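Undergrad: These are the residues of each chain, in order.
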Amino acid sequence: MLSGIPLFPEEASTLATKVDALYFFLVAVSAFFVVLIAGTILYFAIKYRRRSEDEHGASIHGAILLETVWTIIPLGIALVMFIWSADIYFQAYEPPKSNSAVNVYVLAKQWMWKFQHMDGQREINELHVPVNTEIKLIMTSQDVIHSFFVPDFRIKMDVLPGRYRTLWFQATKPGTYHLFCAEYCGAGHSRMVGQVIVMKPADYQAWIAGGVGTDTLAAAGQKVFTNLACVTCHSPDSGARGPMLSGLFDQKVRLQNGQTVVADDAYLRESIMDPGAQVVAGYQPIMPTYQGLVNEEQLLELIEYIKTLKPAPSAPTVTTPEPDGHAAAPKTPAMSSPAGAPAAHR
Amino acid sequence: MTTAVLPREDYLNTDYSLRSWLLTTDHKRICILYLVTITLFFAIGGAFAAMIRLSLATPTGSLVSDETYNKLFTMHGIIMVFFFLVPSIPATLGNFFIPIMIGAKDVAFPKLNLASWYIFTIGGCFTLWALITGGVDTGWTFYTPFSTLSSNTNVSLAALGIFIAGFASILTGLNFMVTIHRMRAPGMTWFRMPLFLWSMYATSLIMVLGTPVLAITLLLVAAERLLHLGIFDPARGGDPVLFQHLFWFYSHPAVYIMIVPSMGVVSEIIAAFSRKRVFGYEFVAFSSLAIAVFGFLVWGHHLFVAGLSVYSAMVFSLLSYVVAIPSAVKVFNWTATLYKGSISFATPMLYAFGFIWMFTIGGLTGLFLASLGLDIHLTDTYFVVAHFHYIMVGGAIMGYMGGLHYWWPKMTGRMYPEGWAKIGALTIFLGFNLTFFPQFILGYMGMPRRYHVYPPEFQTLNVLSSAGASILGIGYLIPLVYLLWSLKYGPIAGDNPWNAKGLEWQTTSPPPKHNFEETPVVTEEAYNYGGLEESHVG
Ligand code: HEC
Ligand code: HEM
Ligand SMILES: [Cu+2]
Ligand SMILES: [Cu+2]
Numbered sequence: 001m002l003s004g005i006p007l008f009p010e011e012a013s014t015l016a017t018k019v020d021a022l023y024f025f026l027v028a029v030s031a032f033f034v035v036l037i038a039g040t041i042l043y044f045a046i047k048y049r050r051r052s053e054d055e056h057g058a059s060i061h062g063a064i065l066l067e068t069v070w071t072i073i074p075l076g077i078a079l080v081m082f083i084w085s086a087d088i089y090f091q092a093y094e095p096p097k098s099n100s101a102v103n104v105y106v107l108a109k110q111w112m113w114k115f116q117h118m119d120g121q122r123e124i125n126e127l128h129v130p131v132n133t134e135i136k137l138i139m140t141s142q143d144v145i146h147s148f149f150v151p152d153f154r155i156k157m158d159v160l161p162g163r164y165r166t167l168w169f170q171a172t173k174p175g176t177y178h179l180f181c182a183e184y185c186g187a188g189h190s191r192m193v194g195q196v197i198v199m200k201p202a203d204y205q206a207w208i209a210g211g212v213g214t215d216t217l218a219a220a221g222q223k224v225f226t227n228l229a230c231v232t233c234h235s236p237d238s239g240a241r242g243p244m245l246s247g248l249f250d251q252k253v254r255l256q257n258g259q260t261v262v263a264d265d266a267y268l269r270e271s272i273m274d275p276g277a278q279v280v281a282g283y284q285p286i287m288p289t290y291q292g293l294v295n296e297e298q299l300l301e302l303i304e305y306i307k308t309l310k311p312a313p314s315a316p317t318v319t320t321p322e323p324d325g326h327a328a329a330p331k332t333p334a335m336s337s338p339a340g341a342p343a344a345h346r
Numbered sequence: 001m002t003t004a005v006l007p008r009e010d011y012l013n014t015d016y017s018l019r020s021w022l023l024t025t026d027h028k029r030i031c032i033l034y035l036v037t038i039t040l041f042f043a044i045g046g047a048f049a050a051m052i053r054l055s056l057a058t059p060t061g062s063l064v065s066d067e068t069y070n071k072l073f074t075m076h077g078i079i080m081v082f083f084f085l086v087p088s089i090p091a092t093l094g095n096f097f098i099p100i101m102i103g104a105k106d107v108a109f110p111k112l113n114l115a116s117w118y119i120f121t122i123g124g125c126f127t128l129w130a131l132i133t134g135g136v137d138t139g140w141t142f143y144t145p146f147s148t149l150s151s152n153t154n155v156s157l158a159a160l161g162i163f164i165a166g167f168a169s170i171l172t173g174l175n176f177m178v179t180i181h182r183m184r185a186p187g188m189t190w191f192r193m194p195l196f197l198w199s200m201y202a203t204s205l206i207m208v209l210g211t212p213v214l215a216i217t218l219l220l221v222a223a224e225r226l227l228h229l230g231i232f233d234p235a236r237g238g239d240p241v242l243f244q245h246l247f248w249f250y251s252h253p254a255v256y257i258m259i260v261p262s263m264g265v266v267s268e269i270i271a272a273f274s275r276k277r278v279f280g281y282e283f284v285a286f287s288s289l290a291i292a293v294f295g296f297l298v299w300g301h302h303l304f305v306a307g308l309s310v311y312s313a314m315v316f317s318l319l320s321y322v323v324a325i326p327s328a329v330k331v332f333n334w335t336a337t338l339y340k341g342s343i344s345f346a347t348p349m350l351y352a353f354g355f356i357w358m359f360t361i362g363g364l365t366g367l368f369l370a371s372l373g374l375d376i377h378l379t380d381t382y383f384v385v386a387h388f389h390y391i392m393v394g395g396a397i398m399g400y401m402g403g404l405h406y407w408w409p410k411m412t413g414r415m416y417p418e419g420w421a422k423i424g425a426l427t428i429f430l431g432f433n434l435t436f437f438p439q440f441i442l443g444y445m446g447m448p449r450r451y452h453v454y455p456p457e458f459q460t461l462n463v464l465s466s467a468g469a470s471i472l473g474i475g476y477l478i479p480l481v482y483l484l485w486s487l488k489y490g491p492i493a494g495d496n497p498w499n500a501k502g503l504e505w506q507t508t509s510p511p512p513k514h515n516f517e518e519t520p521v522v523t524e525e526a527y528n529y530g531g532l533e534e535s536h537v538g
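Chains as they are written, first to last, in the numbering used here: chain A, 1 to 346; chain B, 1 to 538.
The hints are simulated quantities; they were obtained by calculation from the structure and are not laboratory data.
From a predicted model like this one, the values you see are computed outputs, not experimental measurements.
Ideal placement from N, C-alpha and C gives every residue a C-beta, glycine not left out.
Among these hints, one or two may not hold up.
What the hints assert, rightly or not - Under the rule of at most 16 Å between Cα atoms (straight-line distance), these lysine to aspartate or glutamate pairs were calculated in the EDC-like manner:
hint : chain 1 : residue 1 : chain 2 : residue 2
1    : B       : Lys340    : A       : Glu55
2    : A       : Lys136    : A       : Glu55
3    : A       : Lys252    : A       : Asp264
4    : A       : Lys200    : A       : Asp143
5    : A       : Lys114    : A       : Glu126
6    : B       : Lys340    : A       : Asp54
To be verified - Distance ranges between label pairs, derived from CB positions:
hint : chain 1 : residue 1 : chain 2 : residue 2 : range
7    : B       : Val315    : A       : Ser59     : 40 to 50 Å
8    : B       : Leu227    : A       : Asn295    : 42 to 52 Å
9    : A       : Gly292    : B       : Pro212    : 35 to 45 Å
10   : B       : Ser470    : A       : Lys223    : 57 to 67 Å
11   : B       : Ala47     : A       : Pro288    : 47 to 57 Å
12   : A       : Ser59     : B       : Pro491    : 53 to 63 Å
13   : B       : Ala223    : A       : Asn295    : 39 to 49 Å
14   : B       : Asp15     : A       : Ala31     : 55 to 65 Å
15   : B       : Leu227    : A       : Ala209    : 49 to 59 Å
16   : A       : Val69     : B       : Ile423    : 36 to 46 Å
17   : B       : His181    : A       : Lys252    : 54 to 64 Å
What the hints assert, rightly or not - Covered stretches of chain A, as calculated for chain B (at least 3 residues, CB under 8 Å):
hint : segment
18   : 59 to 73
19   : 141 to 148
Isolated chain A (complex conformation):
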């Protein structure tokens, strides 16, 4: 799969063909201007070459019209490039809002890629995905900045410590593709490489079912939740010291300072690592920080667990929106969140 045309990367994602079309347009424009300029220079240089030592050039000052023309035309061409390329950027960086996407957590660290599938499979430097399916990668780094780069898919995104970023792609051809770290990250940077293995749906099902004996990500998260005694505050019988977390994901949360935020991955992460930063309306800022107590993997598991908590209809979160500030918007089942329940992927 890595062969194909030797001097051109494979087009193996829905995005690749679009990026290549733009690339060829730019190559054509560039070739035109290089030939135009080099040709004109060569022509003038030969035609007007110096024939005698005391010869002078003609006295020509300039021409406003010409200056205008060669300012406006490049500007026009540049605007076409701008609109075209911005459109592709949006497509690449705004994940489609669909429920059918397969979510994978990506954890980058010096110098390896760790992948956690919802069903519990964990991989290092190898990512198995089904063909013709939207794959959403929720990525973070444990140390410095890395960058997730698959040339054959024409996708790349920096992976930042302390932040979740989402990258998506849809592979179009089964095969094995290079995965590179594209942001310099230290000694092993050029060895922080791996493979994306795109499989036919049946093969993928077989592969995902093969990961026996491991907890799903959410189940692992539940264990962490219990071990770290989150339940002492976040449970119906804890005297409502902390808000109920069920049905929280993707909902609006009212904060003490009057603002409203959406409880996405980044919010959940911050609520655990830096609880004082955004305090839920109606609660005291008593939650301790878990910075340094949970590692990035456990954090991902916790978040996945919280995502799968279905809203309890009788819980105070829904009946009285005020104390915890969760908006009274109709609670949609957890299925509607892109992550969904792990079972949804089976």
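Based on these hints, arrange chain B with the ligands on the given structure of chain A.
TA: Chain B with the ligands alone, transformed into the frame defined by chain A:
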């Protein structure tokens, strides 16, 4: 030209003692001090480049360790950018010719000028010290949190060296701006100034406004390393990407510090060797200023995959296209200048043609990188490496070499051997293209930059590139040899070997200590070749 004799007294032969050199305040001698210093730095940076290319000839990187490789490209970048390219044309040719071209005796603050050289050299020594005592491995970009949390090399020391050298840059910029404002000879109005002076003015503006931001940024990195402030550390509520904004706020404009002077030199060369006024003088002049101003608004194009919001990315992309337009305007104007000129193919002109070729390709590929959706694929690959080498090495150094040859007879009083010079220029041109053109293809194929080992399918192009680099290396050695040779054995040049216009050609070669016997009075515009026969100096 052949019958000419050296002047009886000039800035070189007034005093030969070492002391007279080290304590000189003569802008021409300070030019020579810089010339020697940055040539040394270029040699060191070049040696690192040679080792990098040698290592990349094989995909397994068996020549050096990962750590060593990373130090090689870091030190290569730091030295070439901060200790060669940034000072190159301004501190040498600018120093020598700004006062002469405006008809002044010296720069506005001659002692400050000497101080700049000392500061620069001290900064360079700190950086060399960092290199000798273990090196640095952060890349010339010092990205956090790698540089603050992870790297255990001499980051602070190297940053200190650059910090110090930055003051040389600021002082030189200030000196030049004041000189151009205050010291012009009678009759030398702004619009009679040769375009080289406009470009030096624009460059000085960037140096004065941009360098302090770099200084502060590097200080923050050092402070974070030593005091653990947490500015860039997400675990302490800091933001690692903030560094990239600060760094590129200087470093994008800095790329114009490196190229705008070359544009000025090329304008001079093309006018002199077409014997014709530069077409659209005002447009070329103002495009330098436009670049200096707009250049400060596009730093975000280095962060398209680093976590900008899609909307701010769009703004930075649009502005990046806009900043490319003045560059295009310059290229068109140079081309139009040749029309009905009297074109000579002397060595400086060959370099000017080479410059236009490199700069056109470098600039056009800049558009690829400004294209949001395409940059996702291209950023941090060899495509970027090729792009900036086409501009900074291809373009900027072509301009520097062209200028050095154009003004060499004025600076030294002697001609270089024309045949060898043409061979050198051609070797550099071919070697350069062979080195860097394959890297565009490599980049689109997906080879990331700063990779010590790489998948075997990238080897063919890498071998081509390394082969080109050895040709390029020879190309740079040729001028080094014959220029040194010409100091003693070159034919005496005479005051105006090119029959060019401009005040610098009105004085002797080499010029006397105070440049002119009496202050010249300017009565006509620059590049007044055509028809009018009256002389430049009244
Ligand atoms: C000492 C009691 C306490 C413990 C223990 C505790 N929390 Fe909290 N938590 C709170 C309180 C109070 C709030 C609401 C105030 C705030 O936002 O800081 C909260 C808020 C949250 C929120 C945001 C909820 C919302 O409605 O927006 C999340 C998510 C959360 N906690 C997760 C956890 C996890 C996971 C753990 C275990 C690792 C944990 N908490 C342990 C008290 C606690
Ligand atoms: C013609 C207008 C130009 C445009 C539109 C342009 C565009 C760009 C863009 C978008 C990038 C970021 C690439 C990336 O990281 O993905 C870039 C990188 C770079 N450009 Fe340009 N550029 C132009 C001119 C120049 C000039 C004149 C120079 C130098 C003299 C230059 C030197 C560089 C350097 C050094 C880098 C890479 C720095 C690094 O990451 O180490 N560019 N350019
Ligand atoms: Cu890396
Ligand atoms: Cu830039």
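Undergrad: So which of the earlier hints does this model not fit?
TA: Hints 2, 4, 8, 12 and 13 contradicted; others consistent.
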